[in-house]
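Asks: Chain residues, written in single-letter form:
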Amino acid sequence: MAAPLSVEVEFGGGAELLFDGVKKHQVTLPGQEEPWDIRNLLVWIKKNLLKERPELFIQGDSVRPGILVLINDADWELLGELDYQLQDQDSILFISTLHGSRIGAGSTW
Amino acid sequence: MTSPRGSQGVVGPARTRALSTSGRAAAQAPGSRRRLGPEPSGSRSPCTRFRLFSSLDRAACVLLRRSLPLLPRSDPAMPAPQCATCHKARAALRRPRSGRALCGACFCAAFEAEVLHTVVAGRLLPSGAVVAVGASGGKDSTVLAHVLQVLAPRLGISLRLVAVDEGIGGYRDAALAAVRRQAARWELPLTVVAYADLFGGWTMDAVARSTAGSGRSRACCTFCGVLRRRALEEGARLVGATHIVTGHNADDMAETVLMNFLRGDAARLARGGGLGSPGEGGALPRCRPLQLASQKEVVLYAHFRRLDYFSEECVYAPEAFRGHARHLLKLLEAARPSAVLDLVHSAERLALAPAARPPAPGACSRCGALASRALCQACALLDGLNRGRPRLAIGKGRRGLDEAGPPRDGEPERAPAPDAVPAF
Chain A
1 MAAPLSVEVE FGGGAELLFD GVKKHQVTLP GQEEPWDIRN LLVWIKKNLL KERPELFIQG
61 DSVRPGILVL INDADWELLG ELDYQLQDQD SILFISTLHG SRIGAGSTW
Chain B
1 MTSPRGSQGV VGPARTRALS TSGRAAAQAP GSRRRLGPEP SGSRSPCTRF RLFSSLDRAA
61 CVLLRRSLPL LPRSDPAMPA PQCATCHKAR AALRRPRSGR ALCGACFCAA FEAEVLHTVV
121 AGRLLPSGAV VAVGASGGKD STVLAHVLQV LAPRLGISLR LVAVDEGIGG YRDAALAAVR
181 RQAARWELPL TVVAYADLFG GWTMDAVARS TAGSGRSRAC CTFCGVLRRR ALEEGARLVG
241 ATHIVTGHNA DDMAETVLMN FLRGDAARLA RGGGLGSPGE GGALPRCRPL QLASQKEVVL
301 YAHFRRLDYF SEECVYAPEA FRGHARHLLK LLEAARPSAV LDLVHSAERL ALAPAARPPA
361 PGACSRCGAL ASRALCQACA LLDGLNRGRP RLAIGKGRRG LDEAGPPRDG EPERAPAPDA
421 VPAF
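Top to bottom, those sequences are chains A and B.
So in this note's numbering the end of the first sequence lands on 109, straight run, no missing numbers.
So in this note's numbering the end of the second sequence lands on 424, straight run, no missing numbers.
A few of these clues could be false.
Unchecked claim - As a list, the in silico SDA-like pairs of lysine to any residue whose alpha-carbon atoms are at most 20 Å apart:
1. A:K51 / B:E312
2. B:K88 / A:D73
3. A:K23 / B:A178
4. A:K47 / A:D20
5. A:K24 / B:L307
6. A:K23 / B:R306
7. B:K330 / A:E55
8. B:K330 / A:P54
9. B:K330 / A:R53
10. B:K88 / A:K51
11. A:K23 / B:A174
12. B:K330 / A:L56
13. A:K24 / B:R305
14. B:K330 / A:S62
15. A:K24 / B:E312
16. A:K23 / B:F304
17. A:K23 / B:L307
18. A:K23 / B:D308
19. B:K330 / A:R64
20. A:K23 / B:E313
21. A:K24 / B:D308
22. B:K330 / A:I58
23. B:K330 / A:G60
24. A:K24 / B:F304
25. B:K330 / A:Q59
26. A:K51 / B:E313
Hint data in this document are derived by calculation from the structure and do not stem from the laboratory.
As the structure is a computational prediction, the values presented were derived from the model and not from experiment.
Only chain B is shown next, with the shape it has when bound in the complex (with noise of 0.2 Å):
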């Protein structure tokens, strides 16, 4: 039996520990559970193990019961089982693919070898590369950093932290502070891309005033999500770095998936697979080192190794979409554990129908990025909101939208010299 608890695989263990404390039961007389009524949730409750005894016969039940030891209440002979790879320390976690019970030490050193061979294998970071990490302070690009820096010598790649400001007061300014204790702690150049000065003054506080209202979301994700992937870019051409890396997990890459099938959105999911893009159209190569794991062994690494993140939410994160694809997942996870990990993998192997695959990207018209239309999405989005019209450029199709529109400010159209931030 699982526990509906999203133990991830306690099938064997969990039966076993029935039986093994059976003896406690047998300690109860017959009738006298602890609690009638349909079984509780966990499979270890009483319930459970009084079963076990009601399908023997009566003597046989009384037999077994005098025979067993009395074991204390709180039972000191079942602790938690040794490390399977130390076989010294006492084990903390289980891991869920595997089922093994690891001790904190073991855990962790398998958390890095198993990000060592994502990136490996997938050649992911070659040697020499000058690697900027996307930090925003929280646990997973805390957690990427770190293990990144333990893993730098074996790779030979340096890194270079990353912060964006998107301007968020209360919350970002926190957070940032939170990078810089880190970056002082590992001894990592930060330089931290703030949107006001990369986008003409348009902080995602000013966004949220300028879609307020007309009682439709303010989809401020969609706005923060595209202009930080352009910020994290400039960040790092400003470090000179050679690829980019993001802290997402398993269950990030799991709630996009069904975010996107959710919203009939077939061009990201079928580019949402694999372990990151080769960098088409002069963009950086990016990758995500942590894809692979589950945000529960993310955070409990976290713990284990006593790193310092920042763990508020975003003030405009209760709005967004995601929290249903986010919810969904937690009780999709909770009925099968794998579920997560399943998500993932067939969003990899998805393969379009002709009529939905989207047309080649060209390059925006504006600022030369990558782009499947005339404007890349930056430069789109940043067109609505100075137009006065926000939401221009949010949804399918762009309705509205005069894509051809002459250059801002009378400036020739141009590709941009290599550290050249785009004019908007």
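Next up, chain A with everything else stripped away, as it sits in the complex (with noise of 0.2 Å):
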């Protein structure tokens, strides 16, 4: 049995644009009998938060490949990716690396 948690969840280097062009979302998670974890906080942005082609943004049940994923400043690697059980007051950065143009990188050198 999870308590309610309040998180803010930020979107950068593009993300951001699935999500009607706010960066900052200030979120208060339900309590609900599932842990909140990061695999049950993409469930939760998935339906609350994504505003179009989710495809673009979740991939299975973690994120699309080629988006960071920082909790408080640090890389999610080091804390259990999506086992990482949320605290109060915890920040996730989601940063795209994926947008751009490489156009010049493709013809002569």
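Please dock the two separately framed chains into a single complex, following the hints provided.
Replies: As structure tokens, then:
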């Protein structure tokens, strides 16, 4: 049984375009049976925040490859990735590395 | 076990972590796993931990379970490790190649040191160089300009920002605004060169309109890539630069290698390796100081240094063939994290069969730039556009292109003066 949590979810590197252009979201996660880990947070984000093209953000039960996840300014790899248990006042930042143009890296060098 | 998320080399620590959190799994009854079925993605699932215990016999299991302390669900005892360099701050990331966990500040210092090493070891930017930085407002050129600014005193170079305006409505204007903000913050001179001025009114939007229809891809990126290089060269000359740098990172290089293989472009494969081009035929020497930095680290550097960059996708980018190469690369990276750099190294070591080697380049008959045929790529592409046959110079062989055609407007053929813009 997980208590309600208040966390800040932030999007950058172009990912915010999938969320109406809003970068910072102060979010209150309701109490529920399942624990609040990143896996369940992604499900919640997909249902409540994601405005368009979910396949650009989520793949399977994780984020699409190319999206970096920082929890309190630390790479989620160091903290257990999807299994990290959210704490109150945590800050989760999703940075997309996939936008922009690579024009100019393709032809004559 | 490596995580399929492209975590790049976390084999050792992942296993250790699985063992150290076994206390939590032990707190559950042996039969009550959270989920059944195939192991979910991520090596730290309860299934992994449970497997550890099912290999012991039952009695030992019970003993072990009772002796391990019950850890609270959200476990503050498993924070991020300490920084391996300063041992003071909490680690913020693990570097893929060395596996070391570093805090934000130490990572940024290491990143800068590596770029410095790339430049010094490759003798890319000698002391006294005036360096034109191709600045698009995007993350790579922003990081490049910032790092070079930090290193400039040590390298003895001076920097000029050169931004290219391809004339893509709604996209480039916003990006240029970001470049202007950066130029003001870094106090660096900024020069903007526009396709419309250099190429007789041919903006990318005009090119796209011209190549639209016929059901085939518009090949916008083919035009843009060639014209951008020419524009960058002109901009660099305008500011009196001796070298040009661009922000291509390791992922870009790997994508290029894949693309060139997939298109059978042997010539580009052979030319693409190495740290830069020395600048033949009067062209300025170019290099890519971030070439060995992975894209992920570029993004993290920009994050930790709080750099402001522009990150929308170019309007024409979804059509680009590069997207396929990038998608493939991401899948490969998830399976084998070192694939990105390995691809770049493979291309560097390629030698072409004699029959495949391109001829030694000469000079373009129209503008004098380096060219492997009578006309350089830029002149050939613009020629096609101006004749109303935009696809004339696209693709191998350039069938139908009258390469020995007369100069336009009766101008005599001549090599351009060093600071003259070629007449198109």
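Asks: Hint by hint, which ones does the structure fall short of?
Replies: 10
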